[in-house]
Each structure stands twice: as C-alpha cells, then as structure tokens.
Amino acid sequence: MIDEALKKRIEGTISKERIMLFMKGSPAMPQCGFSAAVVGVLKEEGVTYGSFNILADNELREGLKEYSSWPTFPQLYVDGKLVGGCDIVRAMHAKGELAPVLAGK
Amino acid sequence: MAPSKLPAASLPAQIEARIREVLPDAAIDLRDTTGGGDHWAATVVSAAFHGKNLVERHRVVYGALGELMRGPIHALALTTETPEEYKRT
Chain A
1 MIDEALKKRI EGTISKERIM LFMKGSPAMP QCGFSAAVVG VLKEEGVTYG SFNILADNEL
61 REGLKEYSSW PTFPQLYVDG KLVGGCDIVR AMHAKGELAP VLAGK
Chain B
1 MAPSKLPAAS LPAQIEARIR EVLPDAAIDL RDTTGGGDHW AATVVSAAFH GKNLVERHRV
61 VYGALGELMR GPIHALALTT ETPEEYKRT
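Line order of the protein sequences matches chains A and B.
Per my numbering, the very first residue in the first sequence carries number 1; after that it's consecutive.
Per my numbering, the very first residue in the second sequence carries number 1; after that it's consecutive.
Fair warning: there could be bad hints in the mix.
[To be verified] Computed footprint of chain B on chain A; a stretch qualifies when at least three of its residues, placed anywhere within it, have a C-beta under 8 Å from a C-beta of chain B:
(1) 62-72
(2) 81-93
[What the hints assert, rightly or not] Some chain A residues near chain B, calculated using beta-carbon distances under 10 Å:
(3) 33
(4) 34
(5) 49
[Said to hold, decoys possible] Quick list of the computed label-pair ranges, beta carbon to beta carbon:
(6) A:100 - B:9: 42 to 50 Å
(7) B:37 - A:45: 28 to 36 Å
(8) A:48 - B:38: 15 to 23 Å
I should point out that these hints are in silico values taken from the structure, not numbers from a laboratory.
Note that the Cβ used here is the ideal one computed from N, Cα and C, for glycine as well.
From just these sequences and the hints, can you work out the full model?
Rendered as structure tokens:
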C-alpha cells in the first residue's frame, strides 16, 4: 500500500518535467538494456526530458509500480501520464506515433 | 487442483495459464529470449484488446501475471494485438 506522503512524492516526481523517464541508471549511464533503448529513442526524437534513477530510491521504485499498475522499468511519462515501457515506446517510435505524444498533441 | 497452481508447473506453463485465466481466448506465443529462463518475449492476441490502448492492454497482462513479475520473470517483452491486428502483420 502506498500512503498519502509517498503518493504525493510520486506525483511530484512524475510532474517534475513535462517528459519524465523513470529508468535504471542515468541517460549518460543506463544500467539496463531496456532503459538504454528508451534513452536512445528519446535522443532520436530530439526532446529534452527529466530522468529519475529508480535504482537509487527503492521506496519510490516500489511505490511507482503500484501507483501506475506497471511492474517494470523503464516507464515514460508525458504530462503526468504513463506513455509506456520499452516495448510501447519503441513501437510508437517506429510507427511515428511517439513524436505527437511527446509534443503534447 | 488446476495445473497452473501446482508448484511443479514450469514457468512458461504458469505464464500461459495465468494469461488464459484473464483472457480465455488468448493465442500466446512465448519465447525464452536468452535461454536462461528469466527473460521472456510474449505475443498475446485476444479480442479483449479491442478499444484498449497499449498501456491498458499491457496492464491486463501484467495484472494476470501478478507476483510472477516480481521475481521469476526478470524481463518480459510484450506484444499485444487484437486478432485483426495480428492478421495484418
């Protein structure tokens, strides 16, 4: 169960930047191939984004899984909404569907 | 006792059984991507995905797998399609 304080912290972190990537490691040094793949996609999309290393914060890591009903990382959020994990982000990018979402259209 | 509840059931058998509990019509193609038994790729085709976006579809599958996602399955690459979408690919 996530309490009110953790929920507030999760929501605050998700909305820190318009585009937020919750990943293992950092964009400069991803600690997982799936996180690295999403970093690569966002680089190709040419967008600026915030990131959060879930390996450094176990409480937020476990809380976010429950908050979003999504058990894996990376998780990409735009305007506070979950866009997807690695598979979805890659598929949308390949179909040209990611750019409008990132642009908030 | 349902086969899926037996502790001896293999992980791929458990994965398929759990998905079918929630999506009885599902066609499931499950692959062990590394041969190590913990990295999986699954294509799940079900009419229940109609009208759902990808996030909603994946949530259905993750929900069905429950605690299997918290240990036994280290990674799961998911493709979720309706029968019509599957035919087109």
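Exercise. Looking back at the numbered hints, which does the structure fail to meet, lowest number first?
Worked result: 5 and 8
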